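Colleague: Since each chain sits alone in its own frame, please combine them into the complex, following the hints.
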Amino acid sequence: MSGESLYPRLEPLLAQVQKPIQYVGGELNAQVKPWDEVAVHWALMYPDAYEVGLPNQGLMILYEVLNERPDALAERTYAVWPDLAALMREAGVGQFTVDAHRAVRDFDVLGVSFATELGYTNLLEALDLAGVPLHARDRDETHPVVVAGGHAAFNPEPVADFVDCAVLGDGEQAVGDITDVVKAWKEQGRPGGREELLARLARVDGVYVPRFYAVSYGPDGAIAAVTRTRDDVPARVGKRTVMDLDEWPYPKTPLVPLAESVHERMSVEIFRGCTRGCRFCQAGMITRPVRERTITGIGSMVDQGLRATGYEEVGLLSLSSADHSEIAQVARELADRYEGTNTGLSLPSTRVDAFNVTLANELSRNGRRSGLTFAPEGGSERIRRVINKTVSKEDLVRTVTTAYANGWQQVKLYFMCGLPTETDEDVLEIAELAVEVIRAGREASGRKDIRCTVSIGGFVPKPHTPFQWAAQASAETIDHRLRVLRQAINADRRIGRSIGLRYHDGKPGVIEGLLSRGDRRVGRVIERVWREGGRFDGWSEHFSYDRWTQAAAEELAVFGVDLDWFTTRERTQDEVLPWDHLDSGLDKEWLWDDWQEALSEEEVADCRWTPCYDCGVCPTMGTEIQVGPTGRSLLPLTVVR
Amino acid sequence: MARQPDGPPPPPTVQKLRLCYAKRGPLRFASHRDLARALERALRRARVPMAFSAGFSPHPKISYVGAAPTGAASEAEYLEIGLAERRDPEEVRAALDASLPPGIDVLECVEAAEGGGSLADRIDAARWSIELPGIEPAALSAAVAEFLSRDEVTVAKRTKNGLRDVDARGPVVSAAADGEVGRAILHVVVRQVTPAVRPDDVVAALAAVADLRPPSPPRAVREAQGRLDDSGAVADPLGPDRAARTRCQGEHAAV
Ligand code: B12
Ligand code: SF4
Numbered sequence: 001m002s003g004e005s006l007y008p009r010l011e012p013l014l015a016q017v018q019k020p021i022q023y024v025g026g027e028l029n030a031q032v033k034p035w036d037e038v039a040v041h042w043a044l045m046y047p048d049a050y051e052v053g054l055p056n057q058g059l060m061i062l063y064e065v066l067n068e069r070p071d072a073l074a075e076r077t078y079a080v081w082p083d084l085a086a087l088m089r090e091a092g093v094g095q096f097t098v099d100a101h102r103a104v105r106d107f108d109v110l111g112v113s114f115a116t117e118l119g120y121t122n123l124l125e126a127l128d129l130a131g132v133p134l135h136a137r138d139r140d141e142t143h144p145v146v147v148a149g150g151h152a153a154f155n156p157e158p159v160a161d162f163v164d165c166a167v168l169g170d171g172e173q174a175v176g177d178i179t180d181v182v183k184a185w186k187e188q189g190r191p192g193g194r195e196e197l198l199a200r201l202a203r204v205d206g207v208y209v210p211r212f213y214a215v216s217y218g219p220d221g222a223i224a225a226v227t228r229t230r231d232d233v234p235a236r237v238g239k240r241t242v243m244d245l246d247e248w249p250y251p252k253t254p255l256v257p258l259a260e261s262v263h264e265r266m267s268v269e270i271f272r273g274c275t276r277g278c279r280f281c282q283a284g285m286i287t288r289p290v291r292e293r294t295i296t297g298i299g300s301m302v303d304q305g306l307r308a309t310g311y312e313e314v315g316l317l318s319l320s321s322a323d324h325s326e327i328a329q330v331a332r333e334l335a336d337r338y339e340g341t342n343t344g345l346s347l348p349s350t351r352v353d354a355f356n357v358t359l360a361n362e363l364s365r366n367g368r369r370s371g372l373t374f375a376p377e378g379g380s381e382r383i384r385r386v387i388n389k390t391v392s393k394e395d396l397v398r399t400v401t402t403a404y405a406n407g408w409q410q411v412k413l414y415f416m417c418g419l420p421t422e423t424d425e426d427v428l429e430i431a432e433l434a435v436e437v438i439r440a441g442r443e444a445s446g447r448k449d450i451r452c453t454v455s456i457g458g459f460v461p462k463p464h465t466p467f468q469w470a471a472q473a474s475a476e477t478i479d480h481r482l483r484v485l486r487q488a489i490n491a492d493r494r495i496g497r498s499i500g501l502r503y504h505d506g507k508p509g510v511i512e513g514l515l516s517r518g519d520r521r522v523g524r525v526i527e528r529v530w531r532e533g534g535r536f537d538g539w540s541e542h543f544s545y546d547r548w549t550q551a552a553a554e555e556l557a558v559f560g561v562d563l564d565w566f567t568t569r570e571r572t573q574d575e576v577l578p579w580d581h582l583d584s585g586l587d588k589e590w591l592w593d594d595w596q597e598a599l600s601e602e603e604v605a606d607c608r609w610t611p612c613y614d615c616g617v618c619p620t621m622g623t624e625i626q627v628g629p630t631g632r633s634l635l636p637l638t639v640v641r
Numbered sequence: 001m002a003r004q005p006d007g008p009p010p011p012p013t014v015q016k017l018r019l020c021y022a023k024r025g026p027l028r029f030a031s032h033r034d035l036a037r038a039l040e041r042a043l044r045r046a047r048v049p050m051a052f053s054a055g056f057s058p059h060p061k062i063s064y065v066g067a068a069p070t071g072a073a074s075e076a077e078y079l080e081i082g083l084a085e086r087r088d089p090e091e092v093r094a095a096l097d098a099s100l101p102p103g104i105d106v107l108e109c110v111e112a113a114e115g116g117g118s119l120a121d122r123i124d125a126a127r128w129s130i131e132l133p134g135i136e137p138a139a140l141s142a143a144v145a146e147f148l149s150r151d152e153v154t155v156a157k158r159t160k161n162g163l164r165d166v167d168a169r170g171p172v173v174s175a176a177a178d179g180e181v182g183r184a185i186l187h188v189v190v191r192q193v194t195p196a197v198r199p200d201d202v203v204a205a206l207a208a209v210a211d212l213r214p215p216s217p218p219r220a221v222r223e224a225q226g227r228l229d230d231s232g233a234v235a236d237p238l239g240p241d242r243a244a245r246t247r248c249q250g251e252h253a254a255v
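Taken in sequence, the protein lines are chains V and E. Taking the UniProt record's numbering, the leading residue of the first sequence gets 1, the next gets one more, and so forth. Taking the UniProt record's numbering, the leading residue of the second sequence gets 1, the next gets one more, and so forth.
Please note that a few of the clues may not be correct.
[As the list claims (entries may be wrong)] Cross-link-like lysine to any residue pairs, in silico, SDA-like; alpha carbons within 25 Å at most:
#1 V:19 <-> E:216
#2 E:61 <-> V:81
#3 E:160 <-> V:34
#4 E:61 <-> V:252
#5 E:157 <-> E:213
#6 E:157 <-> V:87
#7 E:61 <-> V:339
#8 V:252 <-> V:34
#9 V:19 <-> E:129
#10 V:19 <-> E:161
[As the list claims (entries may be wrong)] Incomplete in silico selection of chain E near chain V, CB under 8 Å:
#11 34
#12 41
#13 44
Bear in mind the hints are in silico, worked out from the structure with no lab data behind them. Being a predicted model, the structure only gives us computed values, none of them experimental. Built from N, CA and C at the ideal position, the CB exists for glycine as well.
Looking at chain E on its own, in the form it has when it is part of the complex (with noise of 0.2 Å):
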């Protein structure tokens, strides 16, 4: 049997909260690992009472919910938090968001609804924006009509175990161009797989289908991830947590 550490259990967890938190500007060019740390120090420093783990290293109660990749700048990334104590869910937010460098922003905490399901369940897709510097919004239109025309287009992707094709024209629910003189941009949802397609598979889909090639590197930002509703449009995944909260500060208020 594994031995166990001398001592009480560590205190359970009493709130979960979710938050959503913005990689930004030179930041793009942390990986998820890197982000990791940030957040976990973020936390000591701003003093939130986490929950942890039990054994004889205790690690901090948080789930990440799929990272964007390291070069790629984001919006929308979710993670969520257990914490021992209770605490106001934006006065954590204002802590966190003070004590990460700025470009990792916290943009919002709310606290998950009893019974609500988990937050991965609510993610399945997500809504890009890819500028790719040195090309012309017509030419990207082009390229980008050529591309939805096709039922499958294969590149070549990197993965841990060699170059892997994939298929990356399938998981891709919508796209459209537009941009200005010289800096065309690409809007993309898609959805997420194994493995993942990612912004650039789609931009070297596009060299493939229509030799659109950028001088230098895209840029890409997750503007928004969630559950693909019927629409094709990404729904907000606290959106649910949120709502549950709303009615029960109106019943509150209605006292």
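Only chain V is shown next, with the shape it has when bound in the complex (with noise of 0.2 Å):
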């Protein structure tokens, strides 16, 4: 019978495998809905552990988004590891969500969040697990419609042999569309079988239809064009963008583990979007415009996920929290409201502006202040201006020594290497900084005991960013880099001693980089490091960088390209690139232009504040900026103590 739990003959693997917890959901907000009672079924998964998984945002959004409806469910399933892996295998046991242990072939769709393209193996790994066909175009009308949303699926195109569909952009909306669509076709009886249902699908906006999409190949090895195969899908596929975030107040019950996860605290997303433009990242591109939930929004979804969860601290997520325009207030206000409740407030990882020193010390009134994080990315002026995260090194040292002097005893300072146009010196410049941060911090403090952490790791160019064009620089030259900095800081012991280095190799960023750029040929390079036991290569223990060169020059050859062509190779601006069809509404010649002011060292400033600089974005999309201030100040609320 379909929807039946597979948890009987799961039990007894349980009792053999590490931390089974983490396989038997009952969450606390986790929901079970009746099979039979609804007409699409939802299997969402998070292609990693499950600690890595559960807390993230994107995929609780939608869990809740659909199991608010009445015609749908929703049920979560992770990545198993490969102690139960085999044993599910051994006892015929397949890919099972963690809410009612339902078999995920037996959904209608498998929703795959791909914030990471680590996760592809993965992907495949849940696919062979579940007993639905590795290949989409193997798939019947009885398998599951495989979607990918997330960051990743702005490039699908190294997955587009094993996924459906591909959703650009935010969910909330166009999981409710999708369910419309599965619900009328199935109630209609399936015409057309699975090729029907994907052609309806891939006219809903924001979606993306793969197989509907040729892709030749010019002498050169690289992309000749991208053709639809069918007139009546688009012909360029738009992201979509979620406008109001007040009517959009997800998750209102996070879920909460018991199992141990790597995010241990609540959050509540304060805005979404960034427009401060810092060149590498494509979290800030893809996203745009901002839009900020109100002081008032931000005020209830803390209250009532508090109520809902019992955490006991609430992190004020976004892409650059300091940036709201009512942070000072929503900071200050809610500072006030958990006054003496053993509450914490947290921002994540931060510009570096004493401002955000101020805000630190003003969440942190009621507890303890531990560490502070801020995020430089570029080790000299001159390659910050390149990557368009301007702070001079004056600046920075105040920063820090100010935070040093308000009581904080740790800060870490984030960088990558690798960048666009870095030398070595660019990189020794870290060293340097963190030296004179310690110095001042030491003189400011009045105390020895103050840290910093420097952390370090391989910059990887990304799809509809300035730096989509960049050679990435080699695993070789990263680990130089580090080298020549881990020496700089041991330098001078009575200093360096105060000074943490936390960095990873340069492998993994290559891989990674192979997949952000690559196209469909190197889906066969993720079969292939799958069929020879890839997967979960997020985590060192399981990562072989050695399977993953091996499988790209054997399954590269034969198109003449290699992995040096998808990763350190500099494209020019004429080249099609994979995801030129799929818009984010970023217009290609304002980042082509955007990427030779890097190359000058030119900055750009936030369109929040400034005129807007034409990216593209707002007029592509019909989006426009939506922050306040609202003028708004939150409501008294009784507490416990």
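Modeller: Now the structure itself:
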């Protein structure tokens, strides 16, 4: 019977695996709806371990939005670790949802959230475990429609063979439209089979169905053209944008796991989008324009969420939280409201700006000042101009020193390495900076026990950004720069011992680069790697660089391209990029000009406060910036002390 | 000297409540840490006015007594909480139960009797029922008889410091078999010693003495915990608190 629970067969397996709690569901605020009472069944997957996937905001939002519909249900599924996967194969138990332990195979839609490309092999593993054919073309009308979403879906070409559709942009409204289409098609008796269903989905705003677009390649290996194969599907697919965040106050009742997760706190998204224009930042580019939640909307989400979860800490999340037009008031009024309640408030990593220290002080006035995070991203002033994240060295040192002087003991600084035009000197400036920060910090705070942690990772160029044309730095370059940086930091022991260095080697970044800017030909590499045992590629203990490079060499040779072609090669202006037919609203010419300006170290301002710089998003998508201030304040609330 | 936070010290504990809760169904796979996290959050959600420890990161006053292992269900888990304001124990029980996911069910809540000793002192043994799928009751009976006839049965047990040999026979106070065709049930009373002898160890001991090997993992339920009395039964650790409370209520009723 469809929708039956696999739990009785799963339970004996769970007694034999690590951390079985991650597979049993039953989280606070989880929902199980009767199978037969709804028309459309969604399985929502985060293709990584439960502990990473559960707190994911996007999936939690869609789960609630779908379950609120009387005609739909949504359950969640995550990547299972190899120990359980082996037992499941042996016992013939398929990929299951954690809510009611139903077989993923039984659902109408399998929605997969790709926040990162490193989840692609986990998609293949889940499909295989579910008993769903790996290739979209081999599925029939009894199989779930596999829908990709999330930021990586802005270039779904590497997984085009495995997914039936990809949704570009915000999912809140798109999942509803997809539900309507699937429901109507089922009620009509599935006319035209799977092909017709996909054709109908391809006409939904924001839905891209790769099979209706043919890709041809030129003699140089680059794409010659991408053409639609039906004239009833759009030539270019545009992204979805939710305009009024106050109308979508999700998650209203965030899931609280029993198991430990990477994010032991509640999150309230205070705005979506970012127009700072950091050139490396795909999230900022593809989520334009800025749409703020109002102070009252934030206040009620915080209150409702805390009541629903019992969490002790609330993160006010967004891509650049200090930029909210009413953030000072939000911080002050929330801190007032929760004074004396052991409720912590926090902002995620922030731009380097004295105002951020003031905000952090305000938010932490009820609790401990443990650590603050800043993200200058580039080591030298020059490279910060290239990436458009301009802050002078003096300001940086002053800001961090202020933090120490205000009682913060730990400051974490985030950097990238391998940025376009970067040299060893740019990276070495990070060491100088860290030394100066500690020296000035000790003086200003009068304490010796302050610490600074430098966290640095290799830069991966992403689609729909001004750096989409850039040559990615090789793993050797990254590893070399990290080595010289480490030596420089350790040069002066008296200061060096107050500085921690956290870094990842350059290899995983190269594979992420292949998957980020890859085209449909890369699908063969992903499949090969999965067949040879590749999964959980975001985990260093599972990632195998050699497996990837070998698969890439062998699978790409027939096309006359290779790993370097996709990663360390700089693209020319006229090259057809694999994602050109997918529209994030950004004007390709504007992106190119911005790329050229990056090379000549010119900055651009933020269009929230300065005139529009014609990135193209608002006119193309019919959107506009939604910012306050609203002039409202938080209503007094009774809070338990 | 350690730095102290500014401001007044946290309010003192004015009432101690003792709770008995169950861990059932799929939530038997929750570990002690998972349960502790869930309980702390549920206490907040239920708006129980907890007392907190002093210091930079104040902790709510909760003490756990010997949690059942991951994978084992339980009908008898205990904890004690300190409150900063007095509350009706039954209201706390109901509110907390409503705030916990189904499968972690709060069965009872009583106020700790003044001078009645600690909860931990009232627990030194547990009664388990262990279902052995695929095993016949007769086979289990025979294995149990063999096991009980020994003075010592050594099994290898995984501990934090690697494999370690422990005697699984010594702490077993009683053992009996029943059940139905293809699904034997083992009833054991085990004294709590260090390192603990758990249901898995007893099942391993049966394999060692009688080659009894269930084809799929056994399912254990802790049915009771408490002090072992002279008859070999396990006494309810909340009994004394309940008795004190009934006495007290009786006096009020008499007025
Ligand atoms: C901004 C950001 C943060 C911010 C804010 C997080 C937030 N707003 O949730 C901060 C700094 C707090 C943060 C913290 C962390 N992050 Co973070 N974060 C991001 C980032 C860049 C964007 C996330 C975001 O904006 N979410 C907002 C939600 C609403 O948007 P969304 O998830 O994209 O979902 C919408 C749409 O995309 C769409 N959609 C999504 N999925 C699907 C599926 C279908 C079928 C459909 C139709 C639509 C759809 O609908 C949703 C609603 O509109 C992502 C990378 C990325 N590109 O997604 C990393 C990312 C998710 N974070 C990551 C990590 C590791 C973390 C931390 C654990 C870091 C740490 N060690 O502390 C923490 C944990 C936080 C958490 N809640 O999980 C990793 C996850 C790695 C992995 N293996 O999956 C990512 C992928 C970055 C990376 N590449 O390493 N993060
Ligand atoms: S088009 Fe102009 S206003 Fe709209 S997001 Fe781009 S720069 Fe901002």
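Colleague: Taking only the CA atoms, is the gap from residue 19 of chain V to residue 129 of chain E under or equal to 25 Å?
Modeller: holds (23 Å)
Colleague: Is the straight-line distance between the alpha-carbon of residue 157 of chain E and that of residue 213 of chain E 25 Å or less?
Modeller: holds (17 Å)
Colleague: Does residue 44 of chain E meet its interface restraint, that is, does its C-beta lie within less than 8 Å of any C-beta in chain V?
Modeller: holds (4 Å)
Colleague: Under the criterion that the straight-line Cα-Cα distance not exceed 25 Å, is the pair residue 19 of chain V, residue 161 of chain E satisfied?
Modeller: holds (20 Å)
Colleague: Is the interface hint satisfied for residue 34 of chain E? The criterion is a beta-carbon contact with chain V at less than 8 Å.
Modeller: Interface hint status for residue 34 of chain E: holds (4 Å vs cutoff 8 Å).
Colleague: Do the alpha carbons of residue 61 of chain E and residue 81 of chain V lie within 25 Å of each other, as the hint requires?
Modeller: violated (36 Å)
Colleague: Within a Cα-Cα threshold of 25 Å, do residue 61 of chain E and residue 252 of chain V meet the stated pairing?
Modeller: violated (29 Å)
Colleague: Does the alpha-carbon distance linking residue 19 of chain V and residue 216 of chain E stay inside the 25 Å limit?
Modeller: holds (18 Å)
Colleague: Taking the least C-beta to C-beta distance, is residue 41 of chain E closer than 8 Å to chain V?
Modeller: At 3 Å from the nearest chain V Cβ, residue 41 of chain E passes the 8 Å test, so the hint holds.
Colleague: Would you check the hint for residue 160 of chain E and residue 34 of chain V, treating anything up to 25 Å between C-alpha atoms as holding?
Modeller: Status violated; Cα separation ~43 Å.
Colleague: With the threshold set at 25 Å, check whether the alpha-carbon distance from residue 157 of chain E to residue 87 of chain V stays at or below it.
Modeller: holds (23 Å)
Colleague: Are residue 61 of chain E and residue 339 of chain V close enough, with their CA atoms no more than 25 Å apart?
Modeller: holds (20 Å)
Checked against the numbered hints above, the structure breaks hints 2, 3 and 4 and satisfies the rest.
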